[in-house]
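Peer 1: The primary structure of each chain is shown beneath.
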Amino acid sequence: MLIKTQGNGFNHPVASEITDRAHYEGRRDILKLMATGAAGGVMASWASRQALAQTPGLVQRPGKLAALNAKPSMVAGATTMEKPTTYKDASSYNNFYEFGTDKADPAANAHTLKTSPWTVEIEGLVKKPGKLGLEDLLKLSAMEERLYRLRCVEGWSMVIPWVGYSLADLIRHVEPLGNAKYVEFVTLADPKTMPFVGSRVLDWPYVEALRLDEALHPLTLLAFGMYGEILPNQNGAPVRLVVPWKYGFKSGKSIVKIRFTDKQPATAWNKAAANEYGFYSNVNPNVDHPRWSQATERRIGEDGLFAKKRKTLMFNGYEAQVGQLYAGMDLKKLF
Amino acid sequence: MRVVLNQRLSSRLAKPVAFVLALLPFVWLVTAAALDWLGANPAEALERSTGDWTLRMLCVVLAITPVRTMAELPALARFRRMAGLFVYFYAVLHLLAYSWFDMGFDLADIAKDIVKRPFILVGFTAIVLLTPLALTSFNRAIRALGGRRWQLLHRLVYVVAVLAVVHFFWMRAGKNNFAEVAVYAAILGSLLGWRAAKAVRKKASQPSSVLSI
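Heads up: the sequence lines are chains P and A, in that order. Quick note, the first sequence lines up with residues 1 to 335 if you use my numbering. Quick note, the second sequence lines up with residues 1001 to 1213 if you use my numbering.
Please note that a few of the clues may not be correct.
What the hints assert, rightly or not - With a straight-line cut-off of 27 Å between C-alpha atoms, the simulated BS3-like cross-links for lysine-lysine are:
| id | chain 1 | residue 1 | chain 2 | residue 2 |
| --- | --- | --- | --- | --- |
| 1 | P | Lys-127 | P | Lys-139 |
| 2 | P | Lys-332 | A | Lys-1112 |
| 3 | P | Lys-308 | A | Lys-1015 |
None of these hints come from the bench; they were simulated from the model. None of these values were measured; they are calculated from a predicted model.
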């Protein structure tokens, strides 16, 4: 018999037993609720993965720039469960001194930045030095979407969905020599398109650096996009670094040169004020900036005007992933 | 021209108009905060702009006497007390914004912060020094203290001006960004310099007299 009936193997429950549509569709809300902690630690992380798995991409594309497709990252710690900051805040409140020192300046001035053609020069202690065009870089590894906390040394934070891949993929591609210990990132300093290059705030070009093992950590991201699209100029287009467990200034924007060295490079803010900005600059609530506390932070767009600031986490909450890089180091001295 | 200006400044309307003008920044900030016009970090915007307006009011109040003397506008003297009280008003708002938005009104945290961070200490000292000035701004206080002592006390505003610039300088030192600091330092410096020069001249002409600026 082709058509089964209740009396013949077709065990369809009576209508009153079917989950009603509203409840079924409310499943994701329940998962979200669980994810926020109502279900306790272990269940929460499972539930939030489930909740996220329902949504293609972590956030809605703002629709301002070209799309940059990516798959969700599988790297441990790469997808925080926190609420992403709005694209508007993340692209209008920036520190990018080449375009001005006020945080509204980059959004107003960075339209002059020319991001194409773009090349990144690989220099120093590597087997394969040379120039890589942006197109080659974009194809070098699979794009991943990662939702990272960003903690600025000034005491505010955001949650940003970046698009890119682990810097380690590029480093392996260029094959560092055995004596390479540090990686230096030189960013663009073009006085023609960047009005504040030449101001005496910092030495130009802006240079940042990591220890090689930090640079090889899978969480260290070479980012080409955010919010599912290519980077806006004010956020460091076309290619930048994102090191989520360090203060934001360690993540250089608009990178033009990556140099492998055996000596610790001199970095921009460390040169400007060594007592305030260490080479490592790991997010650390126990080591205050000489002029302000680092114990707390204000989450942009989320913590209301009158809300108490939230506690800053050791290594910006990435201690489980990166803590071992600093085993045995006195982080009060090597801040 | 000067006569007309003096008349205008002496008119019954002049003071209310000045009061409303001085209150406009406050009205703007409250409105902007309520309508979410202050950008990504409204708390920071409020802390900074109340600080800016304190500095601007300090410039205004310290400019009154030099302008009054040089432009021969005696009527300006009427506005000095109100301007001084507006300095205190914006300074108190600045302190409130910091205590509330940054420190969540946690008095122990605030006390720790004042001791720990020199630029907060300097700012806090400035507002402490301004307090007796605000408290003795009414006529009875002037009579009770006696003109000379009252005037001496109110010269504390010169110290406050220096502290305010140091506070601003230190705050901006983080970004090596001193352009705006230089503007305020130049304005307040020349206003204080004018007084110093006048005092020196006066001392030279009548060595025994007490300074009265």
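Peer 1: Taking the hints in turn, state whether each one holds.
Peer 2: Quick rundown of the hints versus the structure:
For the hint pairing Lys-127(P) with Lys-139(P), the CA-to-CA distance comes to about 20 Å; that is within 27 Å, so the pair holds. With a CA separation close to 20 Å, the supplied pair Lys-332(P) and Lys-1112(A) stays within the 27 Å bound. Proximity of Lys-308(P) to Lys-1015(A) is assessed by CA-CA distance (about 40 Å); at most 27 Å being required, the pair is judged violated.
Checked against the numbered hints above, the structure violates only hint 3.
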